[in-house]
Every structure is written in C-alpha cells, then in structure tokens.
Amino acid sequence: MGARMGTGRRDHDMSDVTIRRGRGIQVGLNVERIITAARLLDPPSLTITAVAEQLGVDRKAINHHVTDRETLLALVARDAFSTAFSGAGVASHAAWQDACRAYAEMFTESVMAAGAFAGHLEFDDLPYMTVFLDCLEVLLSRLRNAGFPDEQALGLLALLSNMCLAYAADMVQNQREGQRPRAVRLRDALARRAASAYPELARASALDIDTYGPAQLELTIDVFLAGAEALLTRTNDSGATPRAGSPVTDRWNHTEEEK
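Note that my numbering has the sequence shown beginning at 4, numbered continuously upward.
Each hint should be verified, as a subset may be incorrect.
[As the list claims (entries may be wrong)] Each pair of labels, with its calculated beta carbon distance range: (1) 219 <-> 241: 30 to 36 Å; (2) 98 <-> 213: 27 to 33 Å; (3) 198 <-> 52: 31 to 37 Å; (4) 98 <-> 218: 19 to 25 Å; (5) 180 <-> 240: 44 to 50 Å.
Bear in mind the hints are in silico, worked out from the structure with no lab data behind them.
Please read these numbers as outputs of a predicted model, since none were measured by experiment.
Positions of the beta carbon are idealized from the N, C-alpha and C atoms, including for glycine.
All chains should be built: construct the whole structure from the sequences, respecting the hints.
Set out below in structure tokens:
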C-alpha cells in the first residue's frame, strides 16, 4: 500500500469504470482473452489495434471490453501481479518481523512477475486483488498488535511497499538491459574523469558488487526491520503510542492525566 509463488483471485468481471460490461460484439471475446493476447506484445507496441490483429477481430470488439490503451496496459500488469501474489505466507507468521519479510518477498516477486508491464501497475483498483487486501489486513494487524500506533503502522506499510517497488523496478531494468545499469554507468562516468578524483567510488566499482541480486533485497528488508524495531523501541520508551487498549496507551493516558 519481493520464483512465482501462489495464485491470486482475479475477478475480471468486477466493476470498473473503464471496462464495459455486457456481451462482446465478437462472440467468445472476453477480457481474459484480450489480456492473454496483450501479454504477447511489448508495452511500447501494445495498442488496441495490435491486440485486435492478434485476435483477428475488429478494433471495436476490443473497445467493447477495454476502452483505451492505458487501461489495457494496467489490466495486463494487474493480471500478472494478482496471478503471482498469495498472502498465505504472510498469514502463517505470528511475529510482525517475519510477516513483513514474507510480505516484502511476495510483493517484490509479484511486481517482477509483471515484467515490462510493472510500470503500469496501479493499486487504486483493489477489487481486482482481494488476496492483496487480505494480506494487508493481516500485516496491519501484526503491526498494531506489536504496539505500533496507526500512523506508524500505515506509514511502515507504505514505506515497505515503496522500497520493494524500487527494488523490483531495478530488477526489471536490469533484465531489460541485460547488464547491471548502475555499475556500467558508474564505470563510464569514472572513466571520463581523473582517477584520483573519486578514490572511494573507483575502489568500490572495481569490486564489481552486485546490487541487483537477492542479497540486495535482503539488505533492503533488514534495514527496514532494523529501523522499524528502533522506532517501536523509541515509541514504547516515550509512552507516545495513541492506540486504544494497549499498555502503552494506558501509560500515555496516565501521563496526560497527571499534567
């Protein structure tokens, strides 16, 4: 709000302002067939007309189900994401740290499943991803039960998701370019400058460390968890957790009454 694991529930017939209901002009044509055909094309070449040609139907038949290109791109991305995403791994963990790690790995893998379409993922139309909402519900519950106030819990969910999105975007770019873009660009930039100007960068570049592999995702999650744990400790020590019914809240209320 980080292998393809599990299956999500996809409800392509659910209400959407940009998808028209009713029987298609072309008999047998539906949104799933359109998405299947669209996934055979790269995003730059994906158009309503191109999909119509793939299916051997008139463009108007596609428009009866999908109104425009941006909607089509988003549908393909959501389909890939929801097929890969499963919240079972998150729900099986009682500890909030383990639940966060499971969510991060699953979320990243599911975004990466969208491949070149990942940049068109939209999370403002969640009826398509009931499993995703179920997962967020469990994760928010774990964070709240650990003692995080609502503001922090929601902020942590957003932060972890954004960190995973950034990592997934790096991986998609790396796969598309067939090399590690940051490392290549750093070497190119250093090669055009005096070797003595950036000794630390030159030394690090020579090590050829992979910042795109699984270890980078693990580092991302570890840093997130360490920061969240420090935040929780600081919050508990200050007694500033405004969450009803928690020991920390009772301590906070007692302090306020004394004032």
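Evaluated hints:
no., hint, verdict
1, 219 <-> 241: 30 to 36 Å, "33 Å, holds"
2, 98 <-> 213: 27 to 33 Å, "29 Å, holds"
3, 198 <-> 52: 31 to 37 Å, "53 Å, violated"
4, 98 <-> 218: 19 to 25 Å, "23 Å, holds"
5, 180 <-> 240: 44 to 50 Å, "46 Å, holds"
Comparing the model with each numbered hint stated earlier shows that hint 3 is the single one that does not hold.
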